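Number of protein chains: 2
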Amino acid sequence: MSSRIGSVVIESVRPELEGGRFAVKRVAGDTFTVEADLFKEGHDVLVAIVRWRQFSPAGQETPWAEVPMKALGNDLWVAEFPLARNGRYQYTIEAWPDLFATWASELKRKVDAGREVRSELLEGAALMESTAERSRPFNEEDAQVLAEAARKLKQPPSPELISVALAPELARLAGKYADRSLATQYDRVLEVFAERERARTGAWYEFFPRSAVRDGRTHGTFKDAEAWLPYIQSLGFDVIYLPPIHPIGLTARKGKNNSLKAEPEDVGSPWAIGGAEGGHKAIHPQLGTPEDFRRFLKASELHGIEVSIDLAFQVSPDHPYVQEHPEWFLHRPDGTIKTAENPPKRYEDIVNFDWMGPGRATLWPELESVVLHWVKQGVRMFRVDNPHTKPIQFWAWLIRRVQDVHPDVVFLSEAFTRPKVMKALAKIGFTQSYTYFTWRIFKQELEDYLTEITSPPVSDYFRGNLWPNTPDILPELLQRSGPGGFRLRVALAATLSSSYGIYSGYELCEARALPGKEEYLDSEKYQLVAWDLERPGHIRDWIRKLNAARKQHPALQLYDNLRFYRADNDRILFYGKRTQDGSSQVLVAVSLDPHLPQEALLDVPLEELGILPEETYQVHELMTDERRLWQGPHAQVRLTPEQPAAIWAVYRFRRTEQAFDYYE
Amino acid sequence: MSSRIGSVVIESVRPELEGGRFAVKRVAGDTFTVEADLFKEGHDVLVAIVRWRQFSPAGQETPWAEVPMKALGNDLWVAEFPLARNGRYQYTIEAWPDLFATWASELKRKVDAGREVRSELLEGAALMESTAERSRPFNEEDAQVLAEAARKLKQPPSPELISVALAPELARLAGKYADRSLATQYDRVLEVFAERERARTGAWYEFFPRSAVRDGRTHGTFKDAEAWLPYIQSLGFDVIYLPPIHPIGLTARKGKNNSLKAEPEDVGSPWAIGGAEGGHKAIHPQLGTPEDFRRFLKASELHGIEVSIDLAFQVSPDHPYVQEHPEWFLHRPDGTIKTAENPPKRYEDIVNFDWMGPGRATLWPELESVVLHWVKQGVRMFRVDNPHTKPIQFWAWLIRRVQDVHPDVVFLSEAFTRPKVMKALAKIGFTQSYTYFTWRIFKQELEDYLTEITSPPVSDYFRGNLWPNTPDILPELLQRSGPGGFRLRVALAATLSSSYGIYSGYELCEARALPGKEEYLDSEKYQLVAWDLERPGHIRDWIRKLNAARKQHPALQLYDNLRFYRADNDRILFYGKRTQDGSSQVLVAVSLDPHLPQEALLDVPLEELGILPEETYQVHELMTDERRLWQGPHAQVRLTPEQPAAIWAVYRFRRTEQAFDYYE
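Line order of the protein sequences matches chains A and B. If you're matching positions, the first sequence starts at 192 in our numbering and goes up one per residue. If you're matching positions, the second sequence starts at 192 in our numbering and goes up one per residue.
Do not take every clue at face value.
Intra- or inter-copy, both count: the list cannot distinguish identical chains.
What the hints assert, rightly or not - No farther apart than 30 Å at their CA atoms in a straight line, the calculated lysine-lysine pairs in the DSS-like style are these: (1) K452 x K301; (2) K367 x K529; (3) K299 x K452; (4) K301 x K708; (5) K414 x K742; (6) K536 x K343; (7) K614 x K261; (8) K536 x K345; (9) K345 x K529.
Since the hints were made in silico from the structure, they are not lab data. Note that the coordinates shown come from a computational prediction; the quantities given were computed from them, not determined experimentally.
Start from the sequences, fold in the hints, and give me the full structure.
So, in structure tokens, the structure goes:
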């Protein structure tokens, strides 16, 4: 306790996830905002900075940089720094009393009050002298300016001297060499992970390449799947997601409609991974060769589409791991391997790993090598199967390991599980997550749920990827709604979140379910399907327009900018999105009724849109391509099962003759 | 990574203040509730416990105890433990998969499904064997029971064997010796400080003992102040708070009405502490001797009143510290001591300590010795003057040091400062705090503010002590309201919080202010005052009834049980308080209009009160002593400036003839 110490308090730093245990998520190109509550006893002028750097465990850290924080009142301080590149950043806060600014502020108030300030000027001289000493090692010229100021301040007070003392240049120098020995360091270094744009924004299309021939008999190949690419591109999708592409086990293979006994021609579930032909690093021979797969990746890229594959960390009993690494599995007392089960249900074609047993020392690195194998082939997006059935500690380890070297890798969590587990998986690193959107179909529940997952603190770590259907789920609404339901659900998905996806067949309004279940009849999980893309009643044009709207309007590409507004009809949802600078502003109304026309009076949020109450503005409805002039805070909308959504791009008329080139 | 490890996740532990940096506050006698989110991948049955102990830095910790947590659904778990005694407690969480319960649950489901379970029973046998091994060091008898079960389970399956396997006694033993090597420990040990009842509940009365003679001329003594005690007792107050009782400096002593020049007869501000007669451990000679003070403490105790004194850690220029410890103060370049100022304001009669300078090594312990000195005299409550002008680090250190040895000591923070600083002082340890209640006078602002400070997380650490006036503050409303305002404000203070206080003169409706300010004219801070306790217009009876209501109705003695209800008049505030078991239930309506009668229809919260819609119940209005029968969810109230508050104790008629002794 020999020298003076500081006493600034740094509290409530935001964002800070679980006390700094996990990184918050942003996107490269974003400006990152850090807030904190800062205070100190008494009336000292405070200075605070955010220290930040891009951080790479590979040892290529950029040096720490500093950005000053600004006081917004009520002890709230804020600073921003740019997340220029994809990768991990660290940030923390430092704050200290600015002794010179405090002194100068008090001096000014005393001078204004006509007080004698001789002693105050001598205090200032002492401050300047110590500042000069601190500056000397860095800049002799600055040191001389400061020392000269100190000398002057020792003279008897005069108006000139007061001007010297309060000169902005002197304050600048004093601040530059402030006494940081009185600084408080925030006791945590926090992290933000800046991902690439596709981590936030994308329209996903899931299909089974083995059905690419579309006759229901011939096993499709990656070459056949290439022929599907122009179709997917024409619909406007950004990402295709393929169920597992690996060899499929024969032991206990499931037959059509999940029957326990497979016929010889049955193709099996792609999630029963591994057979004589190999495991998680191999490609199913009937799909093609590794070369074929790389060719397919290349072809997709040429169509402007990125490929995501499935990470399903489980094996069929025929997987090479089972023989080669018995220590990775649990065995029954009779020595046989334990297959997956949740009694009375059994999954005889699936064996789970013994995640936390002694074998994890080699198991975990092997699974990491699976991911890195596919990264090497050119895959940068992984849809992760049932992550909630594996230890969260494994995922935290895996994702960090992979992203430390490949920060552009994206993991989509298929966490259809309890809400806290779903969120925990997002906190520890999953880029995106499936959501309960699939089962949120009416107004209040949609508003509540979407508000929750698109607002802080949840939106700091969780990005919901909205799926109206998956190969596992054909929701009740779609089973009974006809095309109106398909239209409205995909419109909601495409405009409520920046990421959404459909599983093929959705565009054909495929709605045949197993009786009493939310599962597809003749599910593609267990057989080849003969998709007729020209089937009457398809909604391809509807989906194409939705994806075009998403591409053309940046407001629809952001995740945490969703705001709900009032519509006077419980069957019509009304909401909007805008970019922070207002250059892209979109309003959306969607009917939740697949059966009947619905009308509503909408409360247009003029103030948020920056529109004056008396101003006339233009709206461009993107699904019908109709333009209208609107005025005032109310608009009427009529939606029908054929046209259940309206998406208005909103434009102001802001130019006048004064912007005309030759006006002056 | 040689053996199996666990994978339970423990999240969102509540209460947990600032990530465990600070203790939450409760009262001895409370039951303490701990909640957490617990989950694990897969379907294992989880077991969780809260580990807790009373913790004393003096080394008399009780051993850690364990209490099981219960699952409430949605991964939320909860446990309770008793805070029997005044002092600090520690708590943390441990959770593990119950391998036996998981096995038994799966076994049962397989048996119910008619599956062959030979292999399962062998698994159970292995579990029992390892459990027997774990039990042996503790209880040989248990070990034999478990080993015997293991032997049986190796026999071929039979209905009897299944019964053995699923016997509750076996489950109990297996749980008793569970394999905790798979447990997850929560990574923080949290603290809760259980204070004595008076830390939460009390009616405070502040007065200047030097005015105890009440002639405005004769300096009162502690002996004179003793004569005031029956009066204070008759009003029903629990605590008296005395402004500083120490010698007062002569240098730059303030005159009447804060004038810069004191006349010879002026008594000075008690907050300008220290003179030739001594400092913070001395007693002002004109008040009496240390013996007189101890006698006064004793006399107060006999009247059922506890005494709080003022901790004002600043000195007059005449304080002995100034000469004896120059290293505790800042000096100007000319060698003179720096007096307090906030330019252009100067406080020439006050010198602040240099809190964080090198002298703190001896300054802080000296100030601790000041507190311990008065604790030794018998004082256990301290009202702390302007804590926000001293470093928060000092208060954290001081309060912890004192309460580690004397957990019954209470610190009331006079933190009339910015909201985040006020809360920070509460977080680091202040027992109670002054609040903005003094300036919250209308319905919405009262509801908002009181809801904020009486609800978690704020109520976990902050207890607002509500003061309608202080020697520093005569609010505008009281200056212009007449007795109606005094009645309504004290009724609010006494019923909105478990702790409140008034400064003497309030009961006489003293309202003379310095023009344009919220300060008293002829303030007692600078002169003796001739209080006429029989002055016409006093509201002594009103205050006596309020304090009697507080004493008789435990619901009014709790802090975080305040709930606001609807009244259809913006000038009438309607709220209620109840004990958790419902044995004390009180409803309160207060008019916020000091000038006119007001009426309202009240929405009685029947469901919260446990009253059926058709039930007739009794209310006892405590300010008028009138009893009424009410029925249904609505009641009408009329309040007037003379009777601006109604406090209803609510009683149900629950006895029937079946409770009559001789009924059967």
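Here is how each hint holds up against the structure:
no.	hint	in the structure
1	K452 x K301	between (93 Å within a copy, 21 Å between copies)
2	K367 x K529	between (67 Å within a copy, 27 Å between copies)
3	K299 x K452	between (90 Å within a copy, 26 Å between copies)
4	K301 x K708	between (80 Å within a copy, 23 Å between copies)
5	K414 x K742	within (28 Å within a copy, 85 Å between copies)
6	K536 x K343	between (88 Å within a copy, 27 Å between copies)
7	K614 x K261	between (33 Å within a copy, 22 Å between copies)
8	K536 x K345	between (89 Å within a copy, 25 Å between copies)
9	K345 x K529	between (87 Å within a copy, 19 Å between copies)
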